[in-house]
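> Single-letter residue listing:
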Amino acid sequence: SIGFDIQLSLFRFSVKRPFSTSHSSVDSKEIKKFQLLAHKWWDEEGEYAALHSMNDIRVPFIRDALLSRSSNYHLGNPLSGIKILDVGCGGGLLSEPLGRLGASVTGIDPVEDNIRTADRHKSFDPVLAKRIQYKSSSLEEIVEESMETFDVIVASEVVEHVADLEMFIKCCSQVLKPEGSLFITTINKTQLSYVLGIVVAEKIMGIVPEGTHEWEKFVPPEELECLLESNGFSVKTVKGMLYNPLSGSWSWMESTSLNYAVHAVKSGARAQSHATDTQQRSATAGTA
Amino acid sequence: LLAPLGARLRARLRAPLRSAASAPPLYDVVVSGGGMVGSAMAAVLGHDIHFHDKKIALLEAGPRKDYDHMPDSYSNRVSSISPGSATLLSSCGAWDHVCSLRLKPFRRMQVWDACSEAMIVFEKDDLDDMGYIVENDVIMSALTKQLDAVADRVKVFYKSKAVGYTWPLPSHSCDTSPWVQVELADGRKLQTKLLIGADGHNSVVRKEAEIKNIEHQYDQSAVVATLHLSEATDNNVAWQRFLPTGPIALLPLSDTASSLVWSTSHDHASELLAMDEESFVDSINSAFWSNINHSDFIDTAGAMFRSAISLLKPSGTAVRQLPPSVAKVDPESRAMFPLGMGHATEYVQHRVALIGDAAHRVHPLAGQGVNLGFGDVACLAHHLSAAAFNGSDLGSLKHLLKFETERQRHNVSLIAATDALKRLYSTTLAPLVLLRTWGLQATNALPPVKVRI
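Chains X and Y, in that order, are what the protein sequence lines are. Those letters in the first sequence? Residues 1 to 288, per the UniProt record's numbering, in order. Those letters in the second sequence? Residues 1 to 453, per the UniProt record's numbering, in order.
FYI, nobody ran anything at the bench for these hints, they're computed from the structure. Given the structure is predicted, the values throughout are model-derived calculations rather than measurements. From the three backbone atoms N, C-alpha and C, an ideal C-beta is built for every residue, glycine too. It is possible that some hints are incorrect.
Think about it this way: if two alpha-carbon atoms lie no more than 30 Å apart in a straight line, the pair counts; the simulated DSBU-like pairs of lysine-lysine are [as the list claims (entries may be wrong)]:
#1 398(Y) to 328(Y)
#2 398(Y) to 155(Y)
#3 65(Y) to 130(X)
#4 402(Y) to 239(X)
#5 130(X) to 207(Y)
Partner residues are not named here, just some residues of chain X that face chain Y (Cβ under 7 Å, in silico) [unchecked claim]:
#6 61
#7 72
#8 75
#9 76
#10 81
#11 83
#12 101
#13 128
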């Protein structure tokens, strides 16, 4: 695996550190699951078809929320000038539309093969190749070099796979600028989501590759909202999402008992929880 | 350890070259075919706000057509433009140019049978214009101006015929270019995310994409000419009479001139072109005025039906206006072209869409041909605009299929009806004449049916 690391240092702009299992939101079992399907990302009718069609609602959701918070944009390039971090970007299914809308996107994913697929797919489009940068990494690994760097973080279909959700949210807060937006889509933990999300979706209809999800790790919106609010975020929107397997399309719905989307905004004050901030706080205490 | 590393290094080095700057220029949309429909497609996309940063190319085999003012004589190729088409041309700023060049609005359409007295009159209740007769050259000139206005987004390649297309493999086998490759006659190459085929009824795009086309050549040709009327009149009525040999139509160009579209057998068409101008004018007047095809039986049956209707619905019979008589024909303006019908079984494929005559070809009797094409443009532009605002891959079948479904639903019934009408009116057999006589009269009396047409 030394050769592996050397190759990466030649062709990536950061040195890949070996995995630390102690403070990581990445679950190594999850990585293995996704590695097997790394080359299937871009088959619109394949295993990831439902994620492709989810773009039809999640991209407008993100786009419109950002436009409503901005006073200066051009409809021909609506997300121009916005720096977005796509956490758990997979093969780049969501990074590419956001890039096409004008954003500068950094996509990170712990699975090497996913990043390889994403890089290759964007390489044929010179505009996207410039606007999107992919990196094989976990969220924690980029925190130090990316403090308050991003205007927006997108974590779509990711939090149901992380090992430590609170740490994940704290890291999001650290790399996000004040007043920055965090968008999450994930699955609720209900009897219904077990029946439809796992039994039907995975085992019966094959909408999702079998074994992708573990019901135990599904996140109820109340728990997510609580974690967000207690880590410096203000939750603006929570909306339920529904997948229609017959038409292969997604729509919004009132109930959040299955899939749902959240838009949260980091408060304007600087983050209080990180150790390096305490020195700053004491320094400015006298002038407050 | 070193061997696998070497292999990986070589693999990594190869990949960047594939997507390097030596590749042909990449466009978001290439429209192949710069006729009225193709040019409208490029102009509408070029003026779409969500396409502000996109790159569009229009390929036209012929030279640039541009007039600051029209020559005094009228061109013999004209189109009947519906209000919907006028709205589309307005949306890209072209309609203003059409109005400042020249056009003739008409308020009323009278359609009648040579074999009976049956007649149907189309008229808008609110006295608005029903449609406009516009020379094709005027439309082209207007669109050319509007393409110039967005030259930073739309590049027009004149005298550039596309000779070959290479289709990408399905998107998930990712080592070769995912774009459509286009080769021009002069050897230049382009790549595009979406290829729109607007190259007419013998579409090369459709053939190369191996899309099956249902087609049928009619035993008819259309004779066109520019005519001068015996006396000046308001001339705001479009006239069409169904003769057994085919429909003859007089479309107003000005108070003193009208355009002729006479669909008839190939032999008769050749005769009409060959005969001297006086005989030609006589044939036209006789076609509109003569009652030679009437039979007493049909006339009586028709009259009975009409009285029945007027009992039930007093306003259901209309006053017959008399068409203008023709005095002379513009020399050099006579021409003929063969007629046929066609319909592509698919309008779209991955990264390909067909619009206009490439997708569907129809008999001129309904005056719909270019309007169907403009309808395709409006629908496709709508879906592409939404796709662009969603950051989608423009060549994705998902939104292309929505365009196909919407337009096939609209077009198929109209094309089938036009074809059926053409066949129905090609006979003098009494039962069929009676059928269409009563049908025409009944249709004239029923507002809902007329509105739909």
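> So, for every hint listed, does it hold in this structure?
Do the hints match the structure? See the list:
1. 398(Y) to 328(Y): It is violated: about 54 Å lies between the C-alpha atoms, which goes past 30 Å.
2. 398(Y) to 155(Y): holds, 27 Å
3. 65(Y) to 130(X): Violated: residue 65(Y) and residue 130(X) sit about 39 Å apart, past 30 Å.
4. 402(Y) to 239(X): Cα-Cα ~26 Å, so holds.
5. 130(X) to 207(Y): Given pair residue 130(X), residue 207(Y) is violated - Cα atoms ~36 Å apart, limit 30 Å.
6. 61: Hint on residue 61(X): violated, closest Cβ of chain Y at ~11 Å, above 7 Å.
7. 72: violated, 15 Å
8. 75: holds, 5 Å
9. 76: holds, 2 Å
10. 81: violated, 13 Å
11. 83: violated, 16 Å
12. 101: holds, 4 Å
13. 128: Where the cut-off is 7 Å and the nearest Cβ of chain Y is about 10 Å from residue 128(X), the hint is violated.
Of the numbered hints given earlier, the model fails hints 1, 3, 5, 6, 7, 10, 11 and 13; all others are met.
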